[in-house]
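Could you build the full structure based on these sequences and the hints that come with them?
Sequence order for the protein chains is A and B. Quick note: the first sequence uses our numbering, first residue 24, plus one each step. Quick note: the second sequence uses our numbering, first residue 123, plus one each step.
Rather than coming from a laboratory, the hints here were simulated on the basis of the structure.
Chain A side only, calculated, beta carbon under 10 Å to chain B, not exhaustive:
{"hint": "1", "residue": "Y32"}
{"hint": "2", "residue": "A35"}
{"hint": "3", "residue": "K42"}
{"hint": "4", "residue": "R43"}
{"hint": "5", "residue": "I50"}
{"hint": "6", "residue": "T162"}
{"hint": "7", "residue": "A462"}
{"hint": "8", "residue": "T467"}
Calculated lysine to aspartate or glutamate pairs in the EDC-like style (CA-CA distance at most 20 Å, straight line):
{"hint": "9", "chain 1": "A", "residue 1": "K131", "chain 2": "A", "residue 2": "E120"}
{"hint": "10", "chain 1": "A", "residue 1": "K409", "chain 2": "B", "residue 2": "D153"}
{"hint": "11", "chain 1": "A", "residue 1": "K409", "chain 2": "B", "residue 2": "E156"}
Cβ coordinates follow ideal geometry from the N, Cα and C atoms, glycine included.
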Amino acid sequence: MRDLIFVGYLLALMLLAFKRPFIFTLIYAYIDIVAPQRLSYFLLNSVPLSLIVFGMAFLGYVIADDKQDSRFSVRQGVMALLLLYCGYTSFQGALPEDAMEKWDWVWKALVFAIFLPLTLRTKLRIEALTLFMVLCAATLIITGGIKTLGSGGGYGALVLLVDDNAGLYEGSIISMVAIAIIPLMLWLSKHGTIFPPDWRVRYFTLALVFAALLIPVGTQARTGLICIGVLAVLQLRFVRYRFLYAGMAVMVGLMAIPFLPQAFTERMETIQNYKADESASTRIAVWEWTIEYANANPMGGGFNVYRLNKLRYELAPDQNEREPNYDYTQDEGPIEIIDEGRAFHSSYFEMLGEQGYPGLAMWLFIHLGGIWRMEVLRRRYRNTQKAAQEWVAPLAIALQHAHIIYMAGSLFVGIAFQPFVYMLVALQIGLDTYMTRRAKEAATIPIGRQIPASRLSGATL
Amino acid sequence: MIDNFSIALTHGLLFIAVWRLIQRPDLDHEDPPEPDQPSGGFYSQRGESRTNGPEQTPESHHA
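Okay, structure coming up:
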């Protein structure tokens, strides 16, 4: 039944998209984020859905769209370069077969991120993509929020729509994404024109923000808690009464503790006691291995190269509780643990190990460049006199904050190529190139008005 | 149950969004932006103050 509804829904959307081909681009974003083929059992599984819709989006752009207004930015160039480089390391790397698994979806994410800004030619398109990204992620966030309220969740236990750990459905990733898009939700509720601000939009946004904050509680991903912390600090930048805000935030945080499930608080306490925590110790061991590997192979080992690693590290005994899995023969002293094929657990080290120093440099350029460009836009438009441009600076801030939260979250999760984040990058590039073009158009004054009349009258001609 | 509620809610909103988008002409074509004010740059200000005084803009003089 669900299958038929999904097929009908997609067909209806695609039918509407024939009227405005840009809608195909939005449908592709929807398929990429929600992955309806994973929610269905037979019909959508059997067709290469994303390929078909991407083809439609691309054809729609080539045939029907006005290419004059499209701009190609430096960061799109770097993404294209990174794509070629990743292709090279995938075929030439240490584990070509393993690398192909990841290359298979990474190239699609990068190609779409390079293509997407070309289509973002109008303000409404930028808003529409933002709305789509938020609402698609909301499908997971709402269900996760309600389930957390009902059951309290659990690490790896909170099932979001499907029992599948891929894409956004993975606990740490959805925690990071849910928090990162809170600034975008708030922007839409204030500056949206598709759903103009009214009481319904306000309540929906409020509930959605609350659900998003519950996601890290439900998934018990520690990354999520770090992201909430970063978001709280970032919000301090622009609130009028900083001390009041900080005091309120601390108070709300303290008041929330008794309501949090005990398993969550216990897990979050392991952030402090990381030496006795296996997951944290593995990370440090993997990172050390990655640095050694990158020094020996500065050009990177290709995707999934972590599968080569063999780790040996010592775990300090936990003062509070005993792990039942390990046989402790002595009460004192560290426990030695041998591990292999551990994932990077950090996007920075993921890039360093897989794509080497050149890959890490390109990756940092794309992401830090985005944060910097949004700062430039914010400063340029924060005091704008034009009512039609009032939305620009707040959107730049929201995108910048989302990006900073991602950069902080990705310190501890390997999500260097998360397609959702590349859509965010594409959105930034789209906003940037759009505003640059509009500024040029606005500055172009008919030639007769460019020369002050006084100069003409005083001239000796 | 919760899953279906969440899917129905967001998919309904996405559909309304698409429905509203296809009816908006500014999805594909925008009006040209409001032109910038002629800049009160150093040179033009100096030229104005010699002839007309600082309170008059080049626009008003031209008119």
